[in-house]
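Undergrad: So the sequences go chain by chain: A and B.
Heads up, the first sequence stops at 430 in the numbering used here, and the numbers go up one at a time, no gaps.
Heads up, the second sequence stops at 261 in the numbering used here, and the numbers go up one at a time, no gaps.
Calculated directly from the structure, the hints in this document are not laboratory data.
Keep in mind it's a predicted model, so treat the numbers as computed, not measured.
Glycine is no exception: its CB is placed at the ideal position from the N, C-alpha and C atoms.
Careful: at least some of the hints might be erroneous.
What the hints assert, rightly or not - Derived Cβ-Cβ restraints for the label pairs, each shown as a range:
(1) A:GLY217 with B:ALA24: 47 to 57 angstroms
(2) B:ASN135 with A:LEU27: 28 to 38 angstroms
(3) A:PHE43 with B:VAL118: 42 to 52 angstroms
(4) A:VAL287 with B:LYS29: 52 to 62 angstroms
(5) B:LEU123 with A:THR189: 30 to 40 angstroms
As the list claims (entries may be wrong) - BS3-like cross-link-like pairs, simulated, lysine-lysine; straight-line CA separation at most 30 angstroms:
(6) B:LYS5 with B:LYS227
(7) B:LYS146 with A:LYS213
(8) B:LYS146 with A:LYS294
(9) A:LYS425 with B:LYS146
(10) B:LYS19 with B:LYS5
(11) A:LYS425 with A:LYS221
(12) B:LYS253 with B:LYS227
(13) B:LYS227 with B:LYS19
(14) B:LYS19 with B:LYS29
(15) B:LYS146 with A:LYS221
(16) A:LYS294 with A:LYS425
(17) A:LYS294 with A:LYS325
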Amino acid sequence: MTDSSAQPVPEKDEGNLLQKLELDTRLLGMIGALIILCIGFNFFTDGRFLTPRNFFNLTIQTVSVAIMACGMVFVIVNRHIDLSVGALLATTSAVMAMLQVEILPGILGLGHPMIWVIAVIAGLLVGTLIGAFQGWMVGYLTIPAFIVTLGGFLVWRNVAWYLTSGQTKGPLDQTFLMFGGTNGTLGTTWSWIFAALAIVGALYALWNGRRAKASHGFPVKPIWAEVTLSAIIVAAIVGFIATLNAYTIPIRRLERMFQERGETMPEGLVVGYGLPISVLILILVAVAMAIVAKRTRFGRYIYATGGNPDAAELSGINTRWLTVKIFALMGFLCALSAVIASARLSNHGNDIGTLDELRVIAAAVIGGTALAGGFGTIYGAIIGALIMQSLQSGMAMVGVDAPFQNIVVGTVLVLAVYIDIVYRKSVGAK
Amino acid sequence: MPTAKEIRASGAAPLVEMKNISIAFGGIKAVDDVSVDLYPGEVVGLLGHNGAGKSTLIKVLSGAYQKDEGEIFINGQQVEITNPRDARANNIETIYQTLALADNLDADSNLFLGRELVTPLGLVDDAAMEAECRNIMGRLNPNFQKFNEPVSALSGGQRQSVAIARAVYFNARILIMDEPTAALGPHETQMVADLIQQLKAQGIGIFLIDHDVHSVMELCDRASVMKNGQLVGTVDIADVTDDDLLSMIILGKNPTEGAEG
Ligand SMILES: Nc1ncnc2c1ncn2[C@@H]1O[C@H](COP(=O)(O)OP(=O)(O)OP(=O)(O)O)[C@@H](O)[C@H]1O
Ligand SMILES: [Mg+2]
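Work out the full structure: start from the sequences and follow the hints.
TA: Dropping the structure here:
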């Protein structure tokens, strides 16, 4: 039952080096673009761009958009869109800020250790529920997601305003602020421990994948390819952590930290920041979402529905309930981003998350998520977010005028999608 | 093992009985008071012009559409089939005319869509699914090799064989085939014919929609003919000629009035 023209496929040991390594050319392309961008900015800023300090700042600035972009991948792959993420971030941030600043201190007492816990849980819950509600309108009432979330964009932005009467709410709980980045890092030792765990995890995943293939008698990569790949992964993780550790806490700040504890700072002490907790959260979210996308039924159904909604339905997938779950997850991630964004700013401002919906969608799309549905990757969205943030910070550092910054970002967005279309055509995918 | 005809004559409950099924789309009666039945080990052909309502009728059975009126019995028990999951739960498998494949996924993901194999941790086990997929494809279509490409990269016939594999893999008791050979070459069509004979011998009941009267004469035990949403009649293939069937399809007359039932 085959076209007799399509006869057996050639054996595996053909192809160039990259094919043997089974690396994703799209991934390489995006990383290449990011590297070129960074080197370019580094040149124009006389070496100020590629410093541990800027790298550190870049990562913590990217986290909030990147986390939401992970959720947006699922939404878009499922052939929907969410225009309300920035507004939802604002509402959940407002809820958490009101709890921390106005409500809980009155009940529990100022500085009570449970304040941040309750606030975060409440924020995540509110985000998830609002997301689920929007998903229900999309899935069960069959109102187009564009409309539901365009409405949500207006509603939640102004609910946030109403909750806080438009005022800036702060200062937020001290422990809560640790989610912001600079105020909460693992320190060098724990960062290296994390690196070690990450390396073990990554290598285990590689080895496990190979074993699963081999156990069914499928061809596997040659050992040298496996070793090369492992070496690249190890180098990347070590390089990443080493760079973050190399950014040291400024002497003045360090002195203050010691003063607060009533101690005197040892002479010549150098302390690295290490991995920010917010970046750690992003990494955990990304790994979890990538596993969900590739290795769970939920993820498989999202992609199947995006590829052919009718086929998914006929295969017994409850596509309506799936939509609710996807939007609920998106809402949860918006709330998580709200924790990080408001902690980074150390208060809740009325304009928090403004334009984030565009940044998040752009990050997903630059990362190769097709608006027609069915295609998109988590790592792509994160690299997309990094590219966007690098562009923005890089141009600011170079001193590009504000209007030109946005003109460039808009142009890059369109160009990136065009390149993606050309790429897809060239590899013969749809 | 008794043949389908003997089972039918013995008065046993049919495997499937669709009674007085009606379904309308915005005022147009796509299926109008149609009754068909199917016995174990039997192939019943569904014939009719384009738009006669064949696909719509079987989609009621497969859970894709909800009937407006009528009843469905399986082994004599009345069942409610309101979605594709209900149909699968009743061991009804369907090869849709449109194939219903997710084009962006590969063959094994499509084969197991909605029924993925999972590891003990509950994660989708792609390697195991690919192995199973290679197994069944080895039986159905030994030339099939594109296991790791999205099915959008497959030829029409290859796609069709993925859809067929999906329907036969899960031990169906009732198989619905809506023009399963439409995209297939002559050799592959013959393989499907052989497959139908095999499945029939295993006691599976098959509804086969096919426009080719000759293959219906060859493969089916009975044929039900539809015209404009209504049932023209159901005949025993042994009692009719090609021309009889053709005139039923085109003129909507039943030449052997009373031969059935
Ligand atoms: N989802 C739908 N919405 C509206 N009308 C429909 C729908 N599905 C089918 N119809 C109509 O119902 C009638 C029967 O269609 P159906 O697909 O069952 O025909 P068929 O006998 O399978 O034809 P073919 O041989 O071309 O496959 C047609 O008039 C068609 O236009
Ligand atoms: Mg049809």
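Undergrad: Each hint needs a verdict: does it hold in this structure or not?
TA: Hints versus structure:
| no. | hint | verdict |
| --- | --- | --- |
| 1 | A:GLY217 with B:ALA24: 47 to 57 angstroms | holds, 53 angstroms |
| 2 | B:ASN135 with A:LEU27: 28 to 38 angstroms | holds, 32 angstroms |
| 3 | A:PHE43 with B:VAL118: 42 to 52 angstroms | holds, 50 angstroms |
| 4 | A:VAL287 with B:LYS29: 52 to 62 angstroms | holds, 54 angstroms |
| 5 | B:LEU123 with A:THR189: 30 to 40 angstroms | holds, 33 angstroms |
| 6 | B:LYS5 with B:LYS227 | holds, 26 angstroms |
| 7 | B:LYS146 with A:LYS213 | holds, 16 angstroms |
| 8 | B:LYS146 with A:LYS294 | holds, 20 angstroms |
| 9 | A:LYS425 with B:LYS146 | holds, 19 angstroms |
| 10 | B:LYS19 with B:LYS5 | holds, 20 angstroms |
| 11 | A:LYS425 with A:LYS221 | holds, 27 angstroms |
| 12 | B:LYS253 with B:LYS227 | holds, 10 angstroms |
| 13 | B:LYS227 with B:LYS19 | holds, 17 angstroms |
| 14 | B:LYS19 with B:LYS29 | holds, 16 angstroms |
| 15 | B:LYS146 with A:LYS221 | holds, 18 angstroms |
| 16 | A:LYS294 with A:LYS425 | holds, 24 angstroms |
| 17 | A:LYS294 with A:LYS325 | holds, 17 angstroms |
Checked against the numbered hints above, the structure violates none of them.
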